[in-house]
Amino acid sequence: NVPVGEHAIRIRAADGCGNFDVEILEFCVTPDKAPTPICINQLTVTLMPDGQGGGMASIWATDFIASDVRDCFGNLIDQYSIYTEEEAGVAGFTPVAGRLGIDLDCSSDASTPVRVYAVSDNGSADYCSVIVLVQLFQEGLCEDEGANLAGTIATHTNRALPNVAVTLTGEGDGDEMVLTDANGRFTFTSLTTGEDYTIQPAYAVAVDVQRVKTSDIVKIANVILGAEDFASPYDYLAADVDQNRNLNVLDLVAIQRVILGLDANYATGESWGFVPADVNVSDPYAATFPEVYNINNLPGNVFDADFVGFAYGDVVGNGRSTASINAADAQLEAGQTHTMEIRGTGLAGFQGTIELAAGLELVTASYEGEGAINLNRAGDGLVAVALRGADAVLTLEVMATAAGRLSELV
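Numbered as in the working numbering, the sequence shown ends at 565 without a single skipped number.
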């Protein structure tokens, strides 16, 4: 065994007449000889039903290793990788250790050539060429029934979104619509390969005012002022309820009007937005993000056409919380007026609907601080309020139409 490095060898030659000469030859020993795996030449695999109308089988590099090999130092080679001939035959291809297996499906040739690489610790690699014979578990498994296109719709916190309407548009086919299941999953089947398709989700539901609330307005206001940041870039998209890629007070006003019941929805008419999951939204206002998933020349089954959904106005991410807000009690006589103050001391904001019972009428209503009130149903004794700021004060002047205690009439 000659160690790695620079070496020299002396050669002495002589003939029968007593003549001789000596020559010094220099040479270098390097560890560059790549290990060549010893492989089985051919292996048969069976495609099993994949649950999506097609077939699939996994093959592993070690399935093809006939015996162990060692590098030039005697070290056992234990790193193998496997690639299809189509992958590895690209000019400039370099294998990496750790590609332990590959999946074959109905698009794979009945006789699929693959390469199994042995990789040494210094990264040098060599391969053997083998053939994989692909057979079907059952007749008709891979008949041309078309490809499947599927995905999942969830929030950025991985909350699945059921009952989202997902529309598929193709080149010669009419639109097809399905609803996501309880896990946010949707699937379109029997599609023509080689065609172009577009997927677009829509969630035509009312704004959920149990989740879009004054605390969201407080959070957005603090972000606008630079006092806070959102936890996720998707929250920037959710806060931009007018969808003009500019977060400002108009977004706060729009959310506030919905909370108070002054508007049924935002001006865009959309309560939810969607972005393909593979789109980078790290700079959320840099450009208009696509709301559809496009796939050109459908190659076969696609199962990762995923979307991230977000509710416009919902940036805090939890439901309403409750707290007690107290006002001074009083005994009222019929015809007596009384001024009631409700303060949000110690609160970043508060919202709700104040209901005046029979026997009490609203005379005037006013407030101090940021926010608004809705008096559209004041005649029914209902006052909707959404105020923010620790100094916010709601003042109601009421008149008793019957004697009673204020605490029993509100």
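There could be a bad hint or two in this list.
Pair ranges (Cβ atoms, derived) [what the hints assert, rightly or not]:
hint, residue 1, residue 2, range
1, Asp535, Glu563, 33 to 39 Å
2, Asp384, Asn196, 58 to 64 Å
3, Val408, Thr312, 42 to 48 Å
4, Asn230, Thr344, 46 to 52 Å
5, Gln398, Met554, 40 to 46 Å
6, Asp535, Asp330, 42 to 48 Å
7, Asn318, Met554, 46 to 52 Å
8, Thr348, Leu255, 27 to 33 Å
9, Asn401, Leu198, 31 to 37 Å
It is worth saying that the hints were derived from the structure and are not from the lab. Glycine included, each C-beta is placed from N, C-alpha and C at the ideal position.
To see whether the hints hold, each was checked on the structure:
At roughly 19 Å, the beta-carbon separation of Asp535 and Glu563 lies outside the given 33 to 39 Å, and the hint is violated. Take Asp384 and Asn196: their Cβ atoms lie about 60 Å apart, and the range 58 to 64 Å holds. Remark: the range hint 42 to 48 Å for Val408 to Thr312 is contradicted by a beta-carbon distance near 27 Å. The supplied range of 46 to 52 Å is met by Asn230 and Thr344, whose beta-carbon atoms lie about 51 Å from each other.
At roughly 45 Å, the beta-carbon separation of Gln398 and Met554 lies within the given 40 to 46 Å, and the hint holds. Range check, Asp535 to Asp330: about 44 Å between beta-carbon atoms, so the 42 to 48 Å window is met. The supplied range of 46 to 52 Å is met by Asn318 and Met554, whose beta-carbon atoms lie about 47 Å from each other. At about 29 Å, the CB distance of Thr348 to Leu255 agrees with the hint of 27 to 33 Å.
Look at Asn401 against Leu198: about 60 Å separates their beta carbons, and that is not inside 31 to 37 Å.
Figure legend: structure checked against the earlier numbered hints; hints not met, in rising order: 1, 3, 9.
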